[in-house]
Every structure is written in C-alpha cells, then in structure tokens.
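Asks: Note that the protein sequences, when read in sequence, are chains U and F. Using the working numbering, read the first sequence as starting at 7 and increasing by one per residue. Using the working numbering, read the second sequence as starting at 64 and increasing by one per residue.
Hints in this document: simulated from the structure, not taken from any laboratory. Be aware that a few hints might be false.
With a cut-off of at most 30 Å between alpha-carbon atoms, the simulated DSSO-like pairs for lysine-lysine come out as follows [unchecked claim]:
#1 F:Lys86 - U:Lys77
#2 F:Lys127 - F:Lys259
#3 F:Lys159 - U:Lys66
Chain F stretches covered by chain U per the calculated footprint, using a threshold of three residues with CB under 8 Å from any CB of chain U [claimed, not checked]:
#4 125-137
#5 176-187
Just so it is clear, CB atoms sit at the ideal spot from N, CA and C, and this is done for glycine as well.
What follows is each chain in one-letter form.
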Amino acid sequence: MILAVCGKGGVGKTTVTALTARAFLRSSNEKVLFIDADPAGGLGLALGINPKMTLEDVRKELSAEIKAGSKDKVEIALSADYLIARALEERENLAFLSIGRPEDEGCYCRVNVLLKDAIELLAGEFDHVIVDAEAGIEQVNRRVLSSVNSLLLVCDLSVKALRVAETIVRVGNRISGEKMNKVVFNRVTDSRLIPDFSSVTSLDFAGWIPEDEEISRFDEKAISFFDLPDCNASVVVEKIVRDIGLFS
Amino acid sequence: MGLFDQQINVVKEFVDTASGASKYLAGSRNPWPYGEGIVLSEETAVELGRPGVLSMWSIMWTQKEVLQDKVTVVGPDIKDASRSLPLAEFIIVQGKFPNHYDAFRDLRDKVFGVRLKGISIRVQPSRKSIWCRVSNDAYHSGFSLVDLGFAIIQSLKEIDSVVGAEVIFVTSSGGDISLLEKVADESRMVVEALIKMYEEENFDCESCDYREVCEVVSELRAIRKRLLKTKA
C-alpha cells in the first residue's frame with residue numbers, strides 16, 4: 007500500500023503518522039518507508055530522527071552532476087537511486103525520508119518532482135510507503151502523490167476539515183484514479199460530538215482518536231513517539247492501521 | 064586500438080600479481096535466485112562500499128581480448144568478511160561492438176538489471192561509487208561475490224554480441240583499491256567522452272573537457288570522425 011496521510015493544516019497528520027510508525031515498529035515485521043513530504047518538517051522531530059540528508063540535498067547534488075556535464079538519463083536515474091538510498095534514515099524495519107526545506111519558491115516544484123519520482127522508485131522495495139503530506143491539496147493537485155493508492159484523511163471536528171478532506175479525495179480521484187479513502191477524526195474530546203458520518207459526507211469513516219495528554223506531553227517536549235508507552239490514542243491508531251489493511 | 068586496451072591491461076596485471084586472488088570459472092556454482100527489495104541496515108550481514116568507505120566501479124569492453132567467463136575475488140569473500148568492507152568491481156566484456164555508445168548503454172543496463180535475492184546494490188556512476196548490502200539471510204545461505212559475478216556475466220551474455228566476460232572484485236583493502244583508481248578514472252573519462260559525442264553531438268575539440276582523453280585513445284578520434292561524416 008502507498009498511503010498518504012492528508013488533511014487541513016493543524017489537524018494532527020504528523021502525530022497520526024508518527025503513531026502509525028510506532029505501531030509498525032512495535033507490532034509488525036514489514037518493511038515500511040515513511041516520507042515526511044512537508045517542508046515544514048515535523049515527522050522527524052516526532053520520531054526523534056534528525057536526517058543527515060534530505061531530498062532537497064539529493065536534488066542539489068543531482069543538479070550539480072547535470073551542470074558538471076552528466077546528461078545520460080539512465081546514469082542520472084542511477085545516481086538518484088543511490089543518493090535517495092543514502093538519504094534514508096533507518097530504524098529496524100522502518101526507513102525514513104525527509105523532503106527537506108527548499109531555499110526558494112522555484113525549488114519547491116523541483117523537489118516535489120523528485121519526491122514523486124522517489125515514491126515511485128522506492129515503492130517496489132518496501133511493503134508499504136506512508137507519506138506525511140503537506141497540508142491541504144497542493145501535493146495532490148500537482149500530481150506529486152499520483153502513485154499513492156490510499157488516503158488517510160485526518161480531520162478535527164470542524165466542518166472545514168471535512169470539506170478539505172472531501173476536496174483532497176475529489177482532486178486525487180480526478181487526477182490519478184479512484185483510491186481507498188478513510189477518514190479519522192483526531193483529538194476528539196467528546197465522542198458525542200462526532201457527526202453521524204454517513205449523513206454529512208460520502209467518505210469512508212475509519213475511526214476516531216481521542217485527545218490524549220500523553221501525546222500532548224510528548225509533542226510539547228519533542229520526545230520520540232517511538233518511546234511512547236501505550237496510551238489511549240496509540241492503541242486506537244494501531245487498531246485503525248489494522249482495520250484499513252496496513253498490517254497484513 | 065580499442066577504447067580500453069591500456070586500462071584492461073592494468074587491471075589484468077593487478078589481478079595476476081595480487082596475493083589472495085581467487086578465480087572461478089563458469090559452472091562452479093548454482094545461480095543465485097532472483098529477488099527484489101531493499102536490504103535495511105538492521106538485516107545487513109555485510110556492507111561493501113557504503114558511503115564513506117572506498118568503492119569504485121567500472122565497465123570496459125574489448126573486441127580483441129579473448130575472455131573466459133570468469134570471476135576473480137581479490138581479498139575476503141562474503142563468508143570471511145567483516146561487517147564493512149571496501150569494494151571495487153571491474154567488469155570486462157568481450158564481443159563485437161560496431162557502435163560503442165550502444166554497447167555502453169546495453170552493457171550497463173544488463174549489469175544493473177541484475178536483481179539478487181537478499182542483495183541490494185546501488186551505484187553513482189559519476190563518482191564511480193558502488194554500494195552493496197548482503198542480508199543476513201543471504202549470508203547464512205552462503206552468498207558469495209562469485210554469485211554476483213556470474214549473475215552479471217549471465218545477464219551480459221543475453222546480448223548476442225557478447226562472447227565472454229570477466230568480473231573482478233577487490234575487497235582486500237582501501238590501499239589495493241586505490242591502486243586501481245587511475246584506471247577507473249581513465250575508463251570513466253572515456254565513457255564520458257563517448258556520451259558527450261553521442262548525446263551532445265558536440266565535436267568541437269578546442270572547447271572539449273575530454274580532449275586529452277581523445278589524444279590518448281585513438282578509437283575515440285575514429286568515432287568522432289565517423290560521427291562527423293554521418294552528420295555531414
């Protein structure tokens with residue numbers, strides 16, 4: 007499965023992705039690649055990973071190769087493969103890749119193109135690829151996530167978050183075909199506030215994650231979620247991950 | 064004169080004089096199974112040429128040398144290896160190659176099309192770097208560099224014009240591999256000059272970065288002459 011964790015800004019995509027990584031590390035032997043596709047970063051911090059090399063660094067090195075005269079496409083592809091592998095940070099059965107932070111606006115496009123290629127290149131080598139996407143619809147709209155076949159849409163209880171999720175699904179389906187899509191509500195303080203799902207949206211409901219003080223504490227203190235003891239939120243995320251078919 | 068005559072002679076001399084060189088002819092081992100998938104660090108038994116450790120890779124071809132299908136390992140093989148080793152891989156191919164540029168691309172694609180179970184290999188051609196991971200499973204199943212060498216040879220011989228090939232692995236020490244650095248650099252320059260002529264169709268020798276290479280390798284000058292005629 008190539009899954010993108012998407013949603014409006016601030017709904018907790020990175021937290022959900024980090025909890026998913028934790029679940030895989032503890033409960034699965036499958037090889038999973040986690041990609042932090044948000045230039046603002048956050049997944050590395052949540053997992054206690056400080057990458058020595060990012061996709062932006064890979065892009066710069068490839069550009070330097072091309073400027074130095076390398077024009078053979080196959081050689082550039084081989085170099086990209088080598089450099090991307092070098093940029094992976096590994097923890098047992100997991101690997102982590104960060105998009106990095108481009109220096110200017112033009113670079114965002116170029117590194118997103120490389121991100122698209124990286125997902126396609128690496129997907130065949132891992133059992134799953136999970137992308138912590140940038141907030142909103144941009145990466146879906148720009149076909150960066152065109153090889154993604156599943157969406158996990160993270161929402162808070164606002165109508166706006168649900169509408170953004172619907173837009174992401176609609177745009178994603180239009181650009182690269184129908185995908186599995188599942189919505190999770192995050193940081194729920196009162197389950198009675200969760201709407202009657204089928205009456206407000208045509209999307210599929212996967213579950214809801216409770217607000218959890220332990221998560222907030224780890225988040226605030228930037229403690230790796232790999233060290234998080236079992237808590238309400240982590241147990242729920244692991245169940246959701248199983249239910250949507252990520253754990254085989 | 065072929066493109067790589069000098070470099071092939073240097074590599075052969077190195078192999079002939081190296082201590083601890085083990086040579087294997089085709090048929091000495093069963094083929095290693097095909098397999099895809101990355102080998103992560105946690106499951107790696109032996110890592111050769113990882114970033115930061117010396118590695119080099121080169122492919123050369125010849126129309127005149129007669130080659131047996133042979134793999135040579137200079138230094139420890141996988142079963143005797145420590146966790147991390149330097150690695151040099153030199154591939155010499157014998158055949159009929161009317162077009163050197165096509166030969167380069169076809170041979171390279173065959174080499175890097177090899178996928179072995181429990182083995183991850185990546186290269187950065189511009190830096191001649193090669194990086195190989197052998198998984199615990201492959202290690203315990205007896206994987207050897209000889210298996211990789213013969214898989215490469217078998218892949219190359221899918222090209223009709225290939226008659227024979229030799230693959231040389233050097234894992235003995237960074238010092239030994241450094242002795243071959245000049246050869247790897249020179250063969251890489253020949254390949255880059257070839258790519259430049261065919262891809263850019265630029266035949267202006269005055270401004271060319273590979274002028275010195277062509278001055279030494281007469282076959283490159285001959286290729287340039289043929290391409291100029293075709294262009295005219």
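Asks: Against the earlier hints, flag every one the structure doesn't satisfy and list their numbers going up.
Replies: 1, 3, 4
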